[in-house]
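Keeping their order, the protein sequence lines are chains V and L.
Residue numbering for the first sequence follows the working numbering, beginning at 62 and increasing consecutively.
Residue numbering for the second sequence follows the working numbering, beginning at 62 and increasing consecutively.
What the hints contain is simulated information worked out from the structure, not anything from laboratory work.
Nothing false has been slipped in among the hints.
Remember, identical chains collapse to one label, so a pair may be satisfied in a single copy or spanning two.
Calculated pairs, EDC-like style, for lysine to aspartate or glutamate (alpha carbon to alpha carbon, straight line, at most 16 Å):
no.	residue 1	residue 2
1	Lys294	Asp315
2	Lys308	Asp371
3	Lys294	Asp436
4	Lys294	Glu312
5	Lys79	Glu103
6	Lys208	Glu227
7	Lys294	Glu261
8	Lys262	Glu449
9	Lys354	Asp318
10	Lys114	Glu103
11	Lys294	Glu259
These numbers were taken from a predicted model, which means no experiment stands behind them.
There are 2 protein chains.
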Amino acid sequence: MLTCNKDRVQNKIETFSKFGDAGHGGITRLSLSKEALAARAEFSKRMLALGVKVVTDDLANMYATFPGTEAGLPRIVMASHCDSVRNGGNYDGILGVMTAMEVVETIVTEKISHRHPITAMIWTNEEGSLYPPAMMCSGVVCGKFDKGKMLATKSSEGKTFGQALEQSGYIGDISNRLNPKDYMAMLELHIEQGPVLEAEKEQIGVVQGVVGMVNYRIRTYGQTDHAGTTPMKYRRDALLASSSALKYLHEQLDKLDSNLVYTTGEIICHPCVHTCIPDLVDFSLDARHKDPKVIKQVVEIIKNMPKELDKCEVKYEEAWARNTIEFNEKLVGLVQESAYKCGYTSKKMYSGAGHDAQFAAEMLPTTMIFVPSKDGHSHCEPEFTSLEDCYNGINVALHTVLAIDKK
Amino acid sequence: MLTCNKDRVQNKIETFSKFGDAGHGGITRLSLSKEALAARAEFSKRMLALGVKVVTDDLANMYATFPGTEAGLPRIVMASHCDSVRNGGNYDGILGVMTAMEVVETIVTEKISHRHPITAMIWTNEEGSLYPPAMMCSGVVCGKFDKGKMLATKSSEGKTFGQALEQSGYIGDISNRLNPKDYMAMLELHIEQGPVLEAEKEQIGVVQGVVGMVNYRIRTYGQTDHAGTTPMKYRRDALLASSSALKYLHEQLDKLDSNLVYTTGEIICHPCVHTCIPDLVDFSLDARHKDPKVIKQVVEIIKNMPKELDKCEVKYEEAWARNTIEFNEKLVGLVQESAYKCGYTSKKMYSGAGHDAQFAAEMLPTTMIFVPSKDGHSHCEPEFTSLEDCYNGINVALHTVLAIDKK
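Can you build the whole structure from these sequences, using the hints too?
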């Protein structure tokens with residue numbers, strides 16, 4: 062059976078791990094930084110060496126397209142990103158880019174006949190670490206974000222994203238953008254960034270979509286007073302009230318469907334001085350589930366929270382929400398068949414994290430492939446996926462692309 | 062019966078409220094700032110107008126001494142501070158200075174015969190807002206802090222306390238420092254900074270001492286992972302664990318003596334990002350009680366906390382502790398008698414907050430007088446004590462000083 066080349070995959074992983082090496086096994090490769098530009102140059106060099114032409118669009122998204130045997134057919138694109146968070150790992154995003162490169166390299170070197178053009182693509186600024194928001198350029202291309210506003214986004218050092226784009230030398234023509242007329246399908250391979258595949262001993266995640274979510278801010282309002290002079294009975298302690306609110310929410314939310322995930326990752330305490338009773342505590346509540354009915358139950362629980370806890374007023378506010386994105390059923394089926402054909406175990410699952418593919422999915426048939434993340438870690442230097450798992454995932458991508466090509 | 066002059070008291074309050082007026086009813090009068098130097102100049106001007114000589118020591122502490130009828134007797138000193146926190150109120154500290162001034166002014170203008178010299182004093186840098194720690198200069202004079210280290214303390218703008226002292230023009234001779242040979246008693250009037258006197262409708266707080274305290278840091282250790290990709294059963298959420306720890310501590314500590322006060326004022330969450338499960342939460346626990354046995358019970362509860370909560374390790378560390386300071390029993394009795402003589406209701410109580418008097422108490426007989434704080438507020442612009450309550454407190458100080466003079 063046709064496979065990619067494991068040694069070449071290892072060489073790609075080792076090569077790209079040097080661009081932004083942070084010295085502890087991980088990388089810092091912020092979008093359009095010197096390190097990210099080096100990774101882009103490596104992508105171009107390797108694609109050109111295969112005789113594959115590379116172009117960019119007005120947002121520096123890169124497209125390396127290898128033509129098919131029939132003229133005028135739409136392209137099949139594999140895409141991910143080469144930027145990382147600060148002190149991130151060697152797999153998030155870049156593994157999808159290496160997958161696209163290796164699939165093209167296998168098709169070119171093995172002289173695999175295919176009808177449609179096949180494109181390996183890099184999205185600019187997926188992480189949004191230096192220039193928020195995340196998934197900025199797929200957002201612009203897919204009509205979610207306004208280009209002018211994005212160009213004006215400033216890094217903490219005061220440089221705009223537009224200036225960084227200009228300085229990168231990677232700006233191309235707007236007509237090169239991904240679009241539903243010239244592309245028939247998009248595929249993104251990504252690490253799972255969670256522990257499920259590893260824990261359940263599955264080799265491939267067949268991704269059905271990206272779960273919907275709500276994000277709330279919950280605030281408790283008390284009275285700041287001196288820690289030493291205010292008897293307990295006179296206190297209105299906003300942190301005690303927030304602890305009570307958190308415990309209440311966990312108790313209630315734990316009764317809902319077991320696939321629900323919810324998180325309080327951020328808590329802000331005012332005035333946050335050890336000698337002062339807090340008067341305001343503000344915390345986040347992020348809740349995700351593929352079924353909008355479950356998300357509705359979460360919202361009901363938040364809305365029915367006690368209005369007062371520990372003599373403090375409790376308020377809530379929706380910060381944002383997004384609906385579940387369903388990937389293209391036919392493509393999901395082709396990923397599953399390819400995994401089966403390659404002899405890998407697989408599991409259908411939803412992505413809990415956001416990806417460029419979720420924006421692309423609203424424009425053209427799209428799906429994703431997940432490979433296991435060791436201990437579920439991601440966005441940190443210990444992030445790891447074994448060579449075997451990378452190789453397996455790339456083989457699934459290869460066979461999925463060739464199956465799409467036959468449609 | 063002899064009283065101070067209420068109109069003069071009002072004039073003093075109005076005058077000093079202008080030095081550092083922050084525009085919303087309160088003041089910002091950081092130690093040795095332009096505003097604090099203006100308050101010092103007003104103190105000198107008013108004392109000199111009464112024929113009272115003012116000297117300073119090597120830390121710019123100010124001493125205005127009116128001689129008594131007998132030579133060679135030790136002095137009676139009334140002291141507090143004229144610096145404030147940022148956006149503080151018009152009573153914390155400065156009311157004790159105005160009390161000292163008004164008592165001297167009453168004795169001078171009413172030609173009250175007294176044997177001992179009577180000193181009105183200003184301590185430098187009680188708040189420590191610009192140059193920490195709090196109670197810096199009483200700490201040096203009373204042998205608690207090292208002068209060299211204190212002089213080297215830097216403000217956030219990089220100026221040392223030593224430089225600020227030099228620039229103030231208020232440095233005097235070290236031999237002028239408060240000392241147990243030349244002083245027989247120290248008295249400090251202060252606002253309560255808590256709600257007890259107001260709530261219990263008492264006019265005067267007869268302060269018996271300053272409560273002992275312990276301050277702990279409590280930390281919970283989990284695992285940071287992605288909020289969207291990590292099923293609930295795989296999580297080790299340090300913030301959930303800290304909420305459980307806080308609720309546990311409240312439940313246990315609430316069983317102890319009802320005069321115990323304890324506070325978690327500070328909480329630090331890492332990484333504090335709404336999409337990340339927290340891996341480390343660190344919070345303070347400040348507990349105060351006059352009885353060391355109760356403090357010991359608090360420490361036992363902390364030490365016997367569960368070592369693991371919500372699959373997270375729980376650790377604790379003592380940050381600092383101080384013992385209860387008992388004020389001089391005879392002086393406490395004289396304050397109580399004076400309140401009674403003046404016809405005011407009074408309540409014996411301990412101070413939950415720290416004051417310069419607690420350091421002085423380790424060097425010479427010392428006590429304090431509290432007056433009510435509206436709604437218990439302090440260290441904020443709404444801090445308020447009525448003119449009537451100020452007047453009452455000053456009358457108690459006046460009669461206490463005259464009673465000490467008779468001993």
